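K.L.:
With chain A fixed as given, assemble chains B, C, D, E and F onto it according to the hints.
Take a look at the letters that make up each chain.
There are 6 protein chains.
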Amino acid sequence: MKSQYAEELRSGQTVKEVFVLSWKSIKDKKDGGVFAVLEFSDRSGTIQGIAWDKVVENIGALSVGDFVFVVGNVNEYNDRLQIVVNSIKRIDDDEINPKDFLPRADEDIEQAFSEIDEFRNNIKDLHLKQLLAAFFENKALIEKFKLAPAAKRVHHAYIGGLVVHTRNVLKLINKVNDVYANLNFDLLIAAGILHDIGKIYEYTYTRNIDFSTQGRMFGHIVIGYELVADRIKQIPDFPESLRLRLLHMILSHHGEYEWGSPKQPSFLEALILHFLDNLDSKVEIITSARKKNKGMEKDWSDYHPFLEREIYLREED
Amino acid sequence: MKSQYAEELRSGQTVKEVFVLSWKSIKDKKDGGVFAVLEFSDRSGTIQGIAWDKVVENIGALSVGDFVFVVGNVNEYNDRLQIVVNSIKRIDDDEINPKDFLPRADEDIEQAFSEIDEFRNNIKDLHLKQLLAAFFENKALIEKFKLAPAAKRVHHAYIGGLVVHTRNVLKLINKVNDVYANLNFDLLIAAGILHDIGKIYEYTYTRNIDFSTQGRMFGHIVIGYELVADRIKQIPDFPESLRLRLLHMILSHHGEYEWGSPKQPSFLEALILHFLDNLDSKVEIITSARKKNKGMEKDWSDYHPFLEREIYLREED
Amino acid sequence: MKSQYAEELRSGQTVKEVFVLSWKSIKDKKDGGVFAVLEFSDRSGTIQGIAWDKVVENIGALSVGDFVFVVGNVNEYNDRLQIVVNSIKRIDDDEINPKDFLPRADEDIEQAFSEIDEFRNNIKDLHLKQLLAAFFENKALIEKFKLAPAAKRVHHAYIGGLVVHTRNVLKLINKVNDVYANLNFDLLIAAGILHDIGKIYEYTYTRNIDFSTQGRMFGHIVIGYELVADRIKQIPDFPESLRLRLLHMILSHHGEYEWGSPKQPSFLEALILHFLDNLDSKVEIITSARKKNKGMEKDWSDYHPFLEREIYLREED
Amino acid sequence: MKSQYAEELRSGQTVKEVFVLSWKSIKDKKDGGVFAVLEFSDRSGTIQGIAWDKVVENIGALSVGDFVFVVGNVNEYNDRLQIVVNSIKRIDDDEINPKDFLPRADEDIEQAFSEIDEFRNNIKDLHLKQLLAAFFENKALIEKFKLAPAAKRVHHAYIGGLVVHTRNVLKLINKVNDVYANLNFDLLIAAGILHDIGKIYEYTYTRNIDFSTQGRMFGHIVIGYELVADRIKQIPDFPESLRLRLLHMILSHHGEYEWGSPKQPSFLEALILHFLDNLDSKVEIITSARKKNKGMEKDWSDYHPFLEREIYLREED
Amino acid sequence: MKSQYAEELRSGQTVKEVFVLSWKSIKDKKDGGVFAVLEFSDRSGTIQGIAWDKVVENIGALSVGDFVFVVGNVNEYNDRLQIVVNSIKRIDDDEINPKDFLPRADEDIEQAFSEIDEFRNNIKDLHLKQLLAAFFENKALIEKFKLAPAAKRVHHAYIGGLVVHTRNVLKLINKVNDVYANLNFDLLIAAGILHDIGKIYEYTYTRNIDFSTQGRMFGHIVIGYELVADRIKQIPDFPESLRLRLLHMILSHHGEYEWGSPKQPSFLEALILHFLDNLDSKVEIITSARKKNKGMEKDWSDYHPFLEREIYLREED
Amino acid sequence: MKSQYAEELRSGQTVKEVFVLSWKSIKDKKDGGVFAVLEFSDRSGTIQGIAWDKVVENIGALSVGDFVFVVGNVNEYNDRLQIVVNSIKRIDDDEINPKDFLPRADEDIEQAFSEIDEFRNNIKDLHLKQLLAAFFENKALIEKFKLAPAAKRVHHAYIGGLVVHTRNVLKLINKVNDVYANLNFDLLIAAGILHDIGKIYEYTYTRNIDFSTQGRMFGHIVIGYELVADRIKQIPDFPESLRLRLLHMILSHHGEYEWGSPKQPSFLEALILHFLDNLDSKVEIITSARKKNKGMEKDWSDYHPFLEREIYLREED
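Chains as they are written, first to last, in the numbering used here: chain A, 1 to 317; chain B, 318 to 634; chain C, 635 to 951; chain D, 952 to 1268; chain E, 1269 to 1585; chain F, 1586 to 1902.
Be aware that one or more of the hints could be misleading.
To be verified - Below, a list of computed lysine to aspartate or glutamate pairs in the EDC-like style, where the Cα atoms sit at most 16 Å apart:
#: 1; chain 1: F; residue 1: Lys1877; chain 2: F; residue 2: Glu1900
#: 2; chain 1: F; residue 1: Lys1883; chain 2: A; residue 2: Asp210
#: 3; chain 1: B; residue 1: Lys344; chain 2: B; residue 2: Glu356
#: 4; chain 1: E; residue 1: Lys1443; chain 2: F; residue 2: Asp1763
#: 5; chain 1: F; residue 1: Lys1587; chain 2: F; residue 2: Glu1700
#: 6; chain 1: B; residue 1: Lys344; chain 2: D; residue 2: Glu1027
#: 7; chain 1: E; residue 1: Lys1550; chain 2: F; residue 2: Glu1841
#: 8; chain 1: D; residue 1: Lys1095; chain 2: D; residue 2: Glu1027
Please keep in mind that the hints were generated in silico from the structure rather than gathered at the bench.
Because the structure is a prediction, the values reported are computed rather than measured.
With the rest of the complex left out, here is chain A (with noise of 0.2 Å):
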């Protein structure tokens, strides 16, 4: 755990701290010399930074995205804190804790994880029960099934929201399935559990959240397909008619062509998987534009770009 976080940092302060270098800038003086621009950031957010002279010579080896331990001290310049850098070099990265870079879920992912594999656990169907094992099992996949954002940008975008949003699908579907007679219990926990499996390789999430080539190339829906199906392969006797709905549901999840599912949901509980998935992803957008606006006085938010629309702020009277 860091000591140190770029927001937190005012002006007059000695900073010993490890940051990722998230820009960097090389300058000519006037009066002949470089100097460098810079920025650092952590997940409290970012502060500027400024390296005369004789640091210089080692920011050339750097690269925009490395860890970096810096000295130096905070002061103001032109109304912004910025650091004024004594030295600064290169940490590897697995002598870094990730959860100090990037922005993290607000509630307790292990606890989060532990409400999923208690819905796993109730699974009676025994196929659909061995399969889950295999990913329960294997431990650095479920180490990244902790990590993993659920998105880039829009919803649940923070290290461990690939487990808040799972689990609150399967709390849906969990409550849903007591309202309608009939639903394949299991295969809908079963789907709601993999449904995003594949987000673990769409996204990187060391330093920054952004898409892995994979992610870019494939998308979570196909990656998860495919972790699914290869597992299913080693498994005896998984029903031919199982295997058909589970991928099913997992390839139609997005609901619509338009938004990235190659097929759209044909039984009740691919369709319940997609609504339940996108009502989870739309309640939490709504959520964080509310928590974006908390203290404000106004009762609208600014158009958001991705609802289309305002959003009403105001709490009950």
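P.N.:
Chains B, C, D, E and F alone, transformed into the frame defined by chain A:
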């Protein structure tokens, strides 16, 4: 209750029963004179009729849509059954039971209505309680509410459909409310009960299910808005913020402009109502497509023009 | 009427005038103490302001959007004019004249309103006459009607814009009625007068033109529908068919679902109202794009995002 | 002028008249030999025909679409009338009057045309005057102009339809010009007269109304553009700015790319022409839907696929 | 190879041949007893059948879709030919040759396949070579590849269609590669061969061409992705970058989300594959529309619902 | 040819060169008097300028867009280079070489044009040969053809772009013609040469690449149609069917209404031209996105607003 239904008639039977006259055509016989080709309908379906000279004079005074008491015999002509009509006369609307002539819910509407009523009784907010009481104490309106369909064609298109759909939405609201903290549950339930209330005037559902002129002109969204806005005016000190929210939820429950809502949902409860209304409608569409194909051997329904896809029909293995 | 407007201030002038405080930001001085960066607005535009220590204490209590009486001097800083504020205090809303603070119509609103009134007086249908009288005898409502804009941004976005737009639509109706036989002229005129009446509550237009919360929640179409529907209920024997037509025309005047109408025009008068409303809006958009570019040498406007095209600006040769 | 029309024939009559042969099919008789099933059309509608052995040899040489002189008797077969053909022979196109075979305007086309001519005569701009004179002095072209329909199916789909529609658009222009100051009235009138001139070549309208190959390949917008552009080249000193405006108005009069205009209206006159053209088309669609349903008891038309809605049919109370 | 095809049967012939039973309906005779109305199909078309009492018992056990060996005589009834069935019995699927029952390519599939194989043999990249070898050495799969259609209805909807379409795309790739420098030709060819490989499982094409359940659930894009991804896993050291590109090309070859691709082409080779796949499909649609209208006198096809236009049919002059 | 380009200037240099004056702004100095802030452009890019009192009087008479001969010195101000202007004067358009001021093709335009000419020479159809000769013998037109860009922004937006794009389309046609039998090759080549000919008047490309007024009013599709239609009229006995096809190909080459074509391609050659035109445009967009990102370390371009996606930039491994 009728004792003879169109679909259950068999060749050789004597008919003495009321039907809707759903088609009539007077034709010239080759040898002079006239005869009438008729069609009779009830909630079970339709049967052809034929009437010879002496009867035709009575038919001139009848209009398509009239309830008629028919006496005759069933025989088979060109592979189809028909009633050879001996006598036919108009029956007043109030002598018939609409349930005989229109498709109706499979389940007990009174029971479904009492579930709605229980949700209503659990509302704690005094203004919403008062508002809903005003509706539920209006016997004539509740009578209509219990008869109204939820659609002309697409979903819950039968007597009692509105009650079944409303009850389902309330059950979904009740469940989803457990998943998300800080929702205004009373508001959700009140809006859930009232969201489609305009349908009692949007449709006609005596002889057949069709749009009323008011329904085509205004639509159930605006009719419902007006019904609720009018009641609120009669309740002293109904909080303005509550009024805005509740009425906005009615206006926005179709979710998008192109689906007929003049406003998009702009806060969480409005968004959730839209999703759950939409979910229940789609579930019903798939469920009835499955029913319609029951017993057929095919795995996939025909192309469903509203859903724009085929539906997978196969039961779990 | 104000005597000093933001856009007319010149370096060296003394200011003693009321403005809207449209921005404020308290900042730390490098040498300790604070200062405030401000922005003042009126119907002519905006001017920056700066207030040093002694004044800032007064500013803490002011909100953006307040009317303030400012005493100070104009100077130039960084190529821009600013008011150096000597004193500033809040003014009550009822001490100001909204016309000073909001853009207003080029033409005489009273004159335009009297043209509307003349159209009203020529209505022969007694029920419509009575209905409109009820509106026009409501002084408070007519006062608002004369102030309301016809839009926030796109067209007639100024004080009096609603009157100007309504008058234009009536003139167009009056003309088009000559071309087609058998139109219900009284219905067209009545609907023309009332079609946008909901805008008097859809917008706020005291300090600045914006949507009201009710406006965002319901929109002027539904607000107008309700206003008219409520009045009709108070008129004995208002014919049902006339009620359906008139209210349908209000609901359908945007023509298409995606433009916010919950119903599409379903008879000639409704269709014509939609076209003429749309025509006048678009004419105004082009006219004001031309005004904005007046005196510039270019033949084509910049890309107009609402019309999705460039507009040809060249005057006739 | 024909003396016998298909729709007016009655069982027992002798037929000696010209029709379009709109269908023919040669069939084998069970007992050897052949017979022909035929269909005859004119502007009133169609009637079946049957021709036995001796006549069939003449039919072999006839093509569907030919004008034929038919001698025979009307009888009734399977509840439908048919002509039993005694003799049939081809008639040259120039021996018939197209007005007998195609639906035509209800009103007097010469009168409507003279209204157009009057608008033309009031144009003051000398170049536009000269341009229009060139068209109106072209007898052959004007002859076509008076015959051409304004559409194949949707609106004004009858002989004379182009004149009726053009006249209506001019009347609308004339009226709307009174409402907005500073419009170029001569330009509007000239463009109004010429906007659909390409339709005289887009359609064929001798035997039936259909697209010509040129019409399908280029469309009336481009055909009209070319006709007008060519004429302008022959007028000395036709002002370039006027040429650009007039031709742009023809190209953009459908208003949007998806409605077939290669450009969107980019100045006021172009915008107004588009709206008024569109308005008159839609008015005609509704008017003819009403006509078609005249005398029926229903309040609403069937779903109109072009307008994508039902039309309210009820006359004023 | 069958010796009798449905379309070639003539009245009076004796039939002893296999057909698909494409319709059956058991009916009551007026005088007691039952008879069966049947329909028999093969690749040439269909013919009606009728079976009297003694035969009907055998028909009860048959399902629509069965292959049946029929003995009977052809006669004519109501202007249509029919087989009067003397005996009928089920035939096993493996006794028939699918080519007899399904439309097939005009050209020699073996020849077209060998052209594909030659393209494959020219690939130089060793990993792609190895990958394709794995497919081409799989006899069962190649057998299916040679039978599969390229569509159910729209284009290349016949046995061998997939080979013809694939070969065409390869020829186009080969040509276009000459125009643009620096394309990865091996990648283009490999992706060209494999882009529609999923169609061998998307369709069923034994009795008739239809979607398989897997086809409806996953679609050929995802099925093909999985087939190729699985093979790649078995090839040691297959370069990751090549894997990403090749699989992305399969996923994105429909070009747009609304055409069923879960990703849009993101580099040149992917874009080119999409265009050439699309081009060959459209060329085939127009070509077969022309074939279908061959010999007719008309210049224009009927409205083509998939292309949303009429097609010009006239041959060069 | 200029000897000094904006992007190559360095601090300390003396400037004596022609530029486009691309921005000017006269400002008051704090101490009285005025100065001018300027921007100078050429095909390499832009550089700021500043002019003090004595020079400003000359600047008053200059318009943005003028070519100006500038004498001055380069220095650095606020980290940016600027020319301190000593003298400035207007230069006539005919004294400059447009190639100095506009981006131009990387390749030799004369060479690319000669490839087009060779395709032309291979046309065998005498009428098409004659038509194209008429264009190619028009020196002034060909001069423009060699300069014109193929777009303002999206693709081939540089001097010579039209020739490069046209040559590419011809090469593609030439190749694709080998794949499909029975195409009219001469027609394809002629239409390929002429499809974008209207662009020589759609754009202005002397000082900067922009739309001409005619271009905005008509678009290159209609301008090209008119150019070709006019030439055809001068060729005796040009076959009507050929005229229809060729002109239809020009009109429909954008393929869809929403992409600006007033007609959709209705036969094979028209369809193929559309696809190949589209393919070359898209290839160029991706190619230049790659060029723009050359040397950067990133794997993916920024979001490309026209293609609505990111482009994969990584070179083959």
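K.L.:
Each hint: holds or not?
P.N.:
Hints and how they fare:
1. Restraint check for Lys1877(F) and Glu1900(F): the C-alpha separation of about 14 Å stays at or below 16 Å, so the hint holds.
2. Restraint check for Lys1883(F) and Asp210(A): satisfied, since their Cα atoms lie roughly 13 Å apart, inside the 16 Å limit.
3. A hinted pair counts as satisfied when its Cα atoms are at most 16 Å apart, and Lys344(B) with Glu356(B) qualifies at roughly 14 Å.
4. With a C-alpha separation of about 8 Å, the suggested pair Lys1443(E) and Asp1763(F) falls inside the 16 Å cut-off, and the hint holds.
5. Of the supplied pair hints, the one linking Lys1587(F) and Glu1700(F) is violated, its CA atoms being roughly 29 Å apart against a limit of 16 Å.
6. For the suggested pair Lys344(B) and Glu1027(D), the alpha carbons sit about 12 Å apart, so the restraint of at most 16 Å is met.
7. This hinted pair checks out: Lys1550(E) and Glu1841(F) have alpha carbons roughly 14 Å apart, not beyond 16 Å.
8. Only pairs whose Cα atoms come within 16 Å are accepted, and Lys1095(D) paired with Glu1027(D) is rejected, the gap being roughly 40 Å.
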